[in-house]
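Undergrad: Two independent chains are provided; combine them into the complex using the hints.
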Amino acid sequence: MSSGGPLLHFDGVSKWYGSVAALLDVSFEVRTEVVGLVGKNGVGKSTLMKLAVGLLAPSQGRVQVCGFDSGTREARARVGFCPDFDRLYEPLSGVTFVAWMLRYHGYTATEAERRGEEVLTELGLAENMRRPIREYSKGMRQRVRLGQALAHRPQFVLLDEPMTGLDPVARAELSQHIRELPSQGVGVLVSSHVLHELEAVVDRVVLVHQGRLLASGKIAELRDQLPERPHRLRVKAARCRELAAQLTAWPEVEGVSFQAEALEVSVSGHRGFYERFTNLAAEWHGGIQELTPLDDDLAAVFGYLVE
Amino acid sequence: MTSPANSADANAGPDRSDVALPTAAATVFESARQTLLMLRYRRVLWYLPIALAVFGALTFVLAGLVHGRISGHDLFCIIAWWGLGTVVVPWITLFLGVQTVHGEIEDRTSQYLFLRPVRRVPLLLGKWIAITLAASAMAWCATAVLFVAIQARADLWPDGRQPHLFWSFGLVLTFGAMAYAAVSVFFGATFRRPLAWAAFFVVGLQMLTANLPVSAGLRQVTITDHLRRMVLDLIEPDRGLAHALWPAERDESLVELSDGAFRFESGSPLVSLLIFTFICLALAAYRYACTEYESRARD
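The listed protein sequences derive, respectively, from chains G and W. Final position of the first sequence in this note's numbering is 317; the numbers increase by one with none missing. Final position of the second sequence in this note's numbering is 295; the numbers increase by one with none missing.
Heads up, some of the hints might be wrong.
To be verified - FRET-style restraints, in silico, Cβ to Cβ:
no., chain 1, residue 1, chain 2, residue 2, range
1, W, 29, G, 148, 44 to 54 Å
2, W, 148, G, 148, 46 to 56 Å
3, W, 200, G, 43, 51 to 61 Å
4, G, 148, W, 137, 47 to 57 Å
5, G, 177, W, 43, 39 to 49 Å
6, W, 17, G, 179, 34 to 44 Å
7, G, 235, W, 285, 42 to 52 Å
8, W, 279, G, 148, 37 to 47 Å
9, W, 44, G, 51, 39 to 49 Å
Said to hold, decoys possible - Below, a sample of chain W positions facing chain G; criterion: calculated Cβ distance under 7 Å:
no., residue
10, 17
11, 18
12, 21
13, 26
14, 30
15, 37
16, 103
17, 104
18, 105
19, 110
20, 111
21, 112
22, 113
23, 114
24, 288
Please keep in mind that the hints were generated in silico from the structure rather than gathered at the bench. Computed from a prediction, not measured in an experiment: that's the story for all the values here. No residue lacks a Cβ here, since even glycine has one placed at the ideal position from N, Cα and C.
One chain only, chain W, in its complex shape (with noise of 0.2 Å):
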């Protein structure tokens, strides 16, 4: 070997004293570039091809066999919601946001990115984007395997087929993607066991306390009440379908708590939500700063 330092001839890249320290921009793109790239690499995403072909053939069999009882726009927007938006969704966005930030700093190759001359903040912002990003496709493409398996029932919809259901659950989860994320890397800075918190998060606020009626006075603070909102905002649904997404819901509050769920105004969801999601990476982003992973405290 010769000489790395040496044998640097005036070609083969620019002077230390002539590169420009990459900006805040710039550095959330590479970071969120990177993060996707990685993520090619986790093996549970190899297996999402099998999983979503596996999805469509039972969810189109479960379409044969509740024929007559529920009408596919019904069937479509149960398992959406209960399938994809209370436990899909959730559980591979928090297992990927938490096996990317928490990951890296436990094997310690987040040290080489702390080592650059760039703000830890923008790399984590960079991670919560491709998460996003990647959890979202996800959900898209897991929608449309659904939307699609129901929709070859054509006898189960008698009102003619409804695509505005895709999109509004694609949306839907769009949102649900973003905060769930930004709760992932959020546990991944912060806790030594985040997958742990992140099946308390799920099972113990987002299935339990999500589920309470209006007076329980806790759903605020999570993110499957503001997304249920969402969605009967933009699918308007009957009575029954109603209850079925909302059990615990009294009648009066239905129409009235869906209502305007994507206004841009102080309590309505789509706000709580953006304040939750930005809450939650402000809560991300100092601990990621401020916190010496080295420290024998943590370990």
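Isolated chain G (complex conformation) (with noise of 0.2 Å):
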């Protein structure tokens, strides 16, 4: 694979099942980045990922990992999967599971061994790892989960809803994780419907609705594209009446409305606003408290999007 090219190509890619059709003419590419997977339920993420890994076949267009045709022994060998199912061989413990699956790396069995114990000590399971994983709480299978696609060190690593069971410092220190793959050169897709989680977490987002790529890039931008939809912004600041009159005369300003001891302001050209308001605030007696855009988030894109 030439250096800096794309670890994941997905190109003109369709699915079908039976006169189902599941993923629709989508074309993507992802680097050495984070990358969000973002749509609902049954629009065909895991679809999507399973074509990468190669669990599947594109019906239609090509998908390329590392380089490599998805599905080939090469591909196979680049690239990490942790499945948002919680099926795992029961009666094995988490290392010799991750040991398991190393052997089909071509890993000696002390080497899968150690390997083993390694990544799963990193991921938090070093005190659990020798027990059954029947016995495992649900974060502690999803870590054995998360080990399984590291374990063997790929380049490229797709993680569907890799947050789900979790504890909150687990997934700070999950996303923590996720945020350092690519300075190791590894690439990252990960689908998440925790959206404010996966908004920490990526450099942009691929959005998914209906089996088609809705949109594709960083969540500031996606949202500069939606001119229809004024950004709506909350205005904490001493004389609000006198503010909002003053507000209201501006082009930008589409609505004004009070909102407990705030105001609700609907702008559109939100970057010209943003100037005038920025003079007017260092004029303003008394101060501006708080500028909050409510609907830049991931979330608020996102269904506007879908709508």
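TA: Here it is, written out as structure tokens:
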């Protein structure tokens, strides 16, 4: 694979189950970065991930991982996948399960055992790695699934709902790990229905809806591409009524409403608004205490796009 | 926790670029090893020692009851064939095979294997070998228990004890385990309800069709017929025992059909059984390698 090339490349990919289209003409790339895969349940996120790891074959188009067609041995050697289903070899211990999987990557028994111990220790499972998986909590099982995805040091990792079952501390730690992977040359495609968590982790997002690629890019850029949707801002300041009267006269402001000691301002052309508002705030007698965007997060952008 | 990819030092394991992917033979071996180790946890196998003890005790009692009416030789052959050859070995092998292959597909743990950089066919062959070994081991144990239980009645053996019976049935049941294991992996890889198909296969094809006269012409597609001809060839029974083992067959065909069962030539039971096994494995391998087990069509 050429340096800096895409680690995951979808080129006009469609997937049909009989007469049901799960994905339609999807094209995008992922490089050494963290990309979020966003969509409601049943829109094709899991299908897309399984196409990437070769568990499914595209009905049309081409999927490449690390420069190899997905599903080939070369591609599978370079990809790690953490599935969303909670099934494991229940009688085995966590470390044995990971070691067994590593044996199919060419590791000797000793190397596989050692690497399994190492990766599960790093995932915070050191004390319980030798207990049977059937005795594990949901969070511990999730760590084992992550362990088998990362143990063979893949170049590209797909994580399907990786936060499921983790406590808040573990979620924060996992988010941090995911953020660090690109610095080690590892690309990541991660899906989650907890959009605010995803937002904190990803460099950009791929939005999927009804089997189609709805949008792709950084969240702020996507928000800017919705001019028909005025930005909503919450402004908390002294002399609210006076401020509201002044803002209403600005051409960028479409409306102002009072919300419990604050103003909710609808703005089109928000860049011009911010310039004027910065000047105003510097001169405003009593000060502006708060200016908070209400709808430029991932959840709002996604909601607008699928409406 | 610390970052798995980040903290991996050079000595912790081979770097991905240095690791040679496993060969097909290594994959078969590893798959067989893992499957055998997983079979340890099958609860049905925990009861095996108890079942064997009960089987031995019942046989011993039965041998006492039939004293004077049947020889130990014939009693052993009849129980070994009708009990082990047509019921225990087929059912146990099919059950283990179906649970091993289909169970992993159904609970989706097979996906962890399909993600690895190995081909699916060696994975399946490893499972088939493991099932064959496990079922053969059980068949040998059951045969040994049966033999010892009847041997204990010394008065049933006027011509002296005949250990070749034990080896003969052990060998034939091993061939049976091999063929039934191939059927089980095919059913497991192909059908959504493989145990129902297995029941149809054993009852419909092995118990009924295999016991039709030669003129029915369907016995070639069964395992039972080939195994029985192997048994008859090895033990060389008298007319009474031959009829007990093959009630539907006419006298003149018994000797002719049972001769040369182990010859390596077209139409012999050995070659027919190997071909049958190969076809089942080929079909199973095709299904296992080509099927998208996540597809909605299957669900």
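Undergrad: Each hint should be assessed against the structure and marked as holding or not.
TA: To see whether the hints hold, each was checked on the structure:
1. Between residue 29/W and residue 148/G, the C-beta spacing of about 30 Å breaks the proposed range 44 to 54 Å.
2. Between residue 148/W and residue 148/G, the C-beta spacing of about 55 Å keeps the proposed range 46 to 56 Å intact.
3. The hinted window of 51 to 61 Å between residue 200/W and residue 43/G holds, with their beta carbons roughly 58 Å apart.
4. A hinted range of 47 to 57 Å for the beta carbons of residue 148/G and residue 137/W is inconsistent with their spacing of about 41 Å.
5. Hint check: residue 177/G to residue 43/W, Cβ distance near 40 Å, so the stated range 39 to 49 Å holds.
6. The hint said 34 to 44 Å for the Cβ distance between residue 17/W and residue 179/G, and at roughly 38 Å that hint holds.
7. In this structure the supplied range 42 to 52 Å holds for residue 235/G paired with residue 285/W, their Cβ-Cβ distance being about 44 Å.
8. For residue 279/W and residue 148/G, the Cβ-Cβ distance of about 39 Å falls inside the hinted range of 37 to 47 Å, so the restraint holds.
9. Evaluation of the 39 to 49 Å hint for residue 44/W and residue 51/G yields a pass: the beta carbon distance comes to about 45 Å.
10. The interface hint given for residue 17/W is met, as the beta carbon of that residue sits about 5 Å from the closest beta carbon of chain G, less than 7 Å.
11. A hinted interface residue such as residue 18/W counts as satisfied when its beta carbon comes closer than 7 Å to some beta carbon of chain G; here the least separation is about 5 Å, so the hint holds.
12. Because the beta carbon of residue 21/W sits about 13 Å from the nearest beta carbon in chain G, more than 7 Å, this interface hint is broken.
13. Evaluation of the residue 26/W hint against chain G yields a held restraint, the C-beta minimum of about 5 Å falling below 7 Å.
14. At about 6 Å, the closest approach between the beta carbon of residue 30/W and any beta carbon in chain G falls short of 7 Å, and the interface hint on this residue holds.
15. Proximity of residue 37/W to chain G holds as hinted, the smallest CB-CB distance being about 4 Å (cut-off 7 Å).
16. Interface hint status for residue 103/W: upheld, as the beta-carbon distance to the closest one in chain G is roughly 5 Å, under 7 Å.
17. The restraint placing residue 104/W at the interface with chain G holds, with a minimum CB-CB distance near 5 Å, inside the 7 Å limit.
18. For residue 105/W, the interface hint holds, the least distance from its beta-carbon to any beta-carbon of chain G being 5 Å, beneath 7 Å.
19. Proximity of residue 110/W to chain G holds as hinted, the smallest CB-CB distance being about 6 Å (cut-off 7 Å).
20. The beta carbon of residue 111/W comes within 5 Å of a beta carbon in chain G, closer than 7 Å, and the hint placing it at the interface holds.
21. Checking residue 112/W against chain G: minimum C-beta separation of about 4 Å stays under 7 Å; hint holds.
22. Among the interface hints, the one on residue 113/W holds; its C-beta lies about 4 Å from the nearest C-beta in chain G, closer than the 7 Å criterion.
23. Satisfaction of the interface hint for residue 114/W is found here, the shortest Cβ-Cβ separation to chain G being roughly 5 Å, below the 7 Å cut-off.
24. Evaluation of the residue 288/W hint against chain G yields a held restraint, the C-beta minimum of about 5 Å falling below 7 Å.
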